[in-house]
Amino acid sequence: MPATMPPEPIEHRRLDCGVELAVMAMPERPVVAMMIRLLAGYAFEQPEHLGVAHVLEESLSKGTARRNGRELNDAFDAIGATHSSYAGRETVGFLCTCLPEFTAQALALHAEMIRTPSFPEDACRTGVELTRQALAALEDDPGELVRKLLHRHAYGPPLDRHLFGEKQTLDGIDRSSVVAHHERLFAADRMHVAVAGAVDPSRIAEQIDRAFEGFAPPPDAARQTPGAQAGTDGRWPLQFLSGLWHYDKQLEQQHIAICFPCSAVTDEDFPVEQVLVAVLSGGMSSRLFTEVREKLGLVYWVGAWADHPRAGGMLHLGASTTPQRADQTYATLLREVDRVSEDLTADELDRAITGLVTAIQTRGDVARARATRMADDMFYHGRPIATAEKIARIRAVTTEDIARYLQRHRRDRLGVVTLGPRRLDTEGVDPERGQ
Amino acid sequence: MLETSFVQHRLANGLDVVIEQMAQVPSVACGFLVKTGSRDEPAAQAGAAHFLEHMCFKGTDRRSWQQIGIELDAVGAQYNAYTSKDRTFYYGWVRPENVEKQIDMLADMMRPTLPADQFDLEKNVVLEEIAMAGDDLTSVAYDALYEHLCPNHPMAWPVLGYANTIEAMTRRDMADFIAHHYVPRAMTLIVAGRIDPDRILDTAQRWCGSWPKSDAAVQRTPPAISGGHAVRTFARFHQQAVLLAFPATPAGRPDEEAAEAVAAILGGANSRFYWNIVQKGLSRRAGVFYEGYADFGVLVMFALCEGDNADRALAAMRTEAEMFAAHGPQPHELQRVKNLRRTGLAAESEAPYYRLGQLADDLAYRGRPRTPAERLANVDAVTADRIADYLGRFPITGAGLLVGVGPREDLIDKAS
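Chains as they are written, first to last, in my numbering: chain A, 1 to 435; chain B, 1 to 416.
You may find that some hints are simply not true.
Some chain A residues near chain B, calculated using beta-carbon distances under 10 Å [as the list claims (entries may be wrong)]:
#	residue
1	Ala81
2	Gln105
3	Ala108
4	Leu244
5	Arg351
In the DSS-like style, the derived pairs of lysine-lysine whose C-alpha atoms are separated by at most 30 Å in a straight line are [unchecked claim]:
#	chain 1	residue 1	chain 2	residue 2
6	A	Lys167	B	Lys213
7	B	Lys101	A	Lys295
8	B	Lys213	B	Lys85
Partner residues are not named here, just some residues of chain B that face chain A (Cβ under 7 Å, in silico) [to be verified]:
#	residue
9	Ser27
10	Gly76
11	Ile178
12	Gln239
13	Leu340
These are calculated hints, taken from the structure and not from any lab test.
Just so it is clear, the structure is predicted and the values come from calculations on it, not from any experiment.
Note that CB positions come from ideal geometry on N, CA and C, so glycine has one too.
So here's chain B without its partners, still in its complex pose:
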């Protein structure tokens, strides 16, 4: 494992700067983590956080939208941004000599001016993105899952929002969203790679130090996780998506790695789902993933299958979950998770961009960065007893929430 070290600093306005020095790599990745996402939107403005992410590329006091694209490309940055339910992240991966320029541009983008003509034009782009997601079964299924999992809560709506909320959105709405959420205390500048920390801190101060301090705090309430059985019928999809969800530990808690291990052993590579569902021909893709947020988590079992196989795939998912809950992991299954993580962490330390993503997770949910060694120690601490304890608190048997999306009008579920 390559050695790394952190430098952390808070500007007077509350903006955190977290730097990971990776002297052995020939590049630098940097990004702004904004701790806001679709769960912070009013219902009438569903999709605002993601639409704003687009608008951050569309003009500032110092740069037009053309200049932003031109300057990002002129330094050869490998850059992009994404929005999730609880965060927005803007990042770039550059050669060391360009990191200060990259921070300048990303910082500038955090203060968008929302030009009126660009606002209207970009609506079309977002509407096209929504249309594209409407043709994607996995996207439709994921959105349906959260709609039923967190009813009457902002977690329920899609990150992209809806066509009608995007069409109705105004520049004033978005400016209000920026004022509340793009405040220094809710943002972190993260930099990883071959860097001089002092120069990074000087650069951060230069471009972000004048941002006004704000004590506005985001108020979030955890959703009430819902169970049940919901089927969305779409004749135009060939496959059936079957999703089975159970409450899980929030992100950043000590038992997060236990949840990850359950997901990997049940539904990762060389997993029980792979051998007992995919390799039985019931589904071409079946697995388990864990999604953790600051105040709740969810473990999701899924299968994409032919409509005729859906009931058997669902029954097999439940059987595997019951077997695992009853007997726990085999020693070699637990060891596999640790071995693969060790290799993954080593590979990650070659590439600053991969580290950036992990740091963003740590900072969003733990409030501090973890070294690869600490992360590995957290994984190594997972035992069969800890998994049993975890499953006692977050069971994966019982009804859970079943969601079906595809041509079937209903699913036959032995649990109902």
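Next comes chain A alone, as it looks inside the complex:
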């Protein structure tokens, strides 16, 4: 990769229909990838219908005004388009990869599905039932369960919710609640579309503009979600509640989940945080892998990562270990965060930066990753950010920046959840003091 990267051919604009679009033409690529996101995730659910975003996402592909569910899915298959969808905290998203010659058809099928879903009664009932089963199945997924419990305790509403809702709220979801969520939140002016690959930017812009022209909620659909208000810019504020919570469960391992507030993606310190997370958990020479796993043999899995709602951020540490090693694992996790601000070396910093940059240039280079990254940028920043700019900001991070960051985001108050056969030795665990 040359030292000075050529400018990327990214076109970004809000179309007349209201959709915010970013396109990167990569004519030499053999595919086109398209990411469509709507601000309609589970943070926007009505409190009495928690879980409806997931039910909606399950039901959306089960029929449109023109086709039943099988016909719709067969139409995607007929052009060989691989497509998937998800319901997330703040967005519902659709990711599609297809051969370039089928781009217009793939877009048209997504528009049909997003604009005119029929939400058949039986599909909605099945969606509720499958969501109820998924919620119950969390009992068999301790890694996901402990994260759900940490969010519930340490994040303020509505970001404390889980994708699968609550048993009692699922009981109250039917087709009408799914339709209401769709009518209230699915609209062109709540959409980000990112396209990367062998595509003509002008042509795809025209096609998208036409496909979503007039896509707006019915006049009587209320946009506001009672109970929890997004800011004026549509961003939910992230609150933090510290504390230590233990859930007893018969497991081979004890799961430990820790969090404390960190910067937002839009904060100027975000690249510092990216490097910090890489220092802690980037590769085999990272702090947590080296100290917790390789030197002490306490765990197989250990990690650090940042979780970013649109506004705010939370730094997470996690590990699973056999119960007798849990106290030492917990203490070591926190000690390593502290130690970064004391003795981070220039070589460590360089490795973390190199790892982040290379990831962008290798797995981050494929069309699907490019589309996802542009959609992320529009979600957080309101514009796609050139890869060269991202890399330059990462490369500019210094050891002093990391120390300053940890001063600014002290881990003196923690949210901690443990799940497994025994409690941590609370003698040495005070989340208010972070000891």
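Using the hints provided, position chain B relative to the given structure of chain A.
For chain B alone, coordinates are given in the frame of chain A:
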């Protein structure tokens, strides 16, 4: 489909080097395929191949474990390794200017010194991995499947081994395993991406050329595939895993794509299982997968469901298999498999790491790489008649092997 071309070379000691030039991509992936896995272990050393994979990161004559991690990270490699029942694979994905350094490091790791202190410490890590797998229903169910499918055969035990075999393992045991299995003729260096083949061959010769030649050959015997009905009861799991397995064609045979098509049509995306089992609310995850090895294969139907739904999910799986066997695929179902593969192959040609995985499959089971065009032609050659012929030889009806794992003490099966 982007154009690719191969360069193949065998070093004097028997190590194969396979290079795929992908001039259009801005990166390179490389890896060492070692044609050994848990099926090559003595029973008392179950888990040795996987434990050794960990130990390859723990020290060599030229590097300590810290240096290995530091140097891999210093070039920004996206790297890892995995062990399966019949192979171990070490790989990294880097920028083109770092590929020679990456090959140097991976080659060095293929000659681990098994430092005593690291050996003992890493046992704890592997034991934690075994404990973690013990909390994972899908992992427990997968291991139970092979235990009953291949009784009294090395395929029966988990890739991770057992806590007692890991605890009892010695450095001598592992050194013997290396001597028998990490020999040049059982290994292949695979490189894909934007590369100069001559430089890759020079690098391979430099770092691997001195490895001693060995004529030791791995002796493998195919397992006798077992049927029957086995239920493992775990009250602590909420869900019930139901698995139904049938013998299938070995990997690399001409009818492998027919087996893949059966799996995709019955249990892939937009499949019969999806519409008739998942969308009936019987199971939140149900599907079919095919696993092929050099000397046998298995087609596995599965469902993860609530305990109360297990019998109905099982009955629905059997019904779908019977319907498919009786009437074959619909034309649009067969076309779907081909269309999706075409897109998948195009997407793969953007990313050297994805190509690396496919090349490893080809080299392990076919002994040669296939271009994307050849792979696509193999898929396109699958017809309804070929599937019928395949199912005549590898039926998916009848009792098969039924394995249940979860809270249920038994399953009601119409086939029994």
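| task | Quickly compare the C-alpha distance for Lys101 (chain B) and Lys295 (chain A) to 30 Å and report which way the hint goes. | result | 26 Å, holds
| query | Quick one, is the Gly76 (chain B) hint okay against chain A at 7 Å, beta carbons? | reply | 3 Å, holds
| query | Given Leu244 (chain A) as an interface hint, is the shortest Cβ-Cβ distance to chain B below 10 Å? | reply | The hint is violated - Leu244 (chain A) has no Cβ within 10 Å of chain B, the shortest such distance being about 22 Å.
| Are Lys213 (chain B) and Lys85 (chain B) close enough, with their CA atoms no more than 30 Å apart? | 25 Å, holds
| field | Status of the Ala81 (chain A) interface restraint (C-beta, 10 Å, chain B) | value | Interface hint status for Ala81 (chain A): holds (7 Å vs cutoff 10 Å).
| message | Interface hint check: Arg351 (chain A), Cβ to nearest Cβ on chain B, cutoff 10 Å. Holds or violated? | response | 4 Å, holds
| Interface restraint verdict for Gln239 (chain B) against chain A (beta-carbon cut-off 7 Å) | 5 Å, holds
| task | Could you check if Leu340 (chain B) really has its C-beta closer than 7 Å to a C-beta on chain A? | result | Holds. Min distance 5 Å.
| Interface hint status, Ala108 (chain A) versus chain B (Cβ within 10 Å) | 17 Å, violated
| message | Quick check on the hint: Ile178 (chain B) CB to chain A CB, less than 7 Å? | response | With a closest approach of 21 Å, the Ile178 (chain B) hint is violated.
| query | Was the hint right that Ser27 (chain B) lines chain A, CB cutoff 7 Å? | reply | 4 Å, holds
| request: Given the hint that Lys167 (chain A) pairs with Lys213 (chain B), test it: the Cα-Cα distance must not exceed 30 Å. | output: Not satisfied, since the Cα-Cα distance of roughly 63 Å exceeds 30 Å.
This entry does not satisfy hints 2, 3, 4, 6 and 11, going by the numbered hints stated previously.
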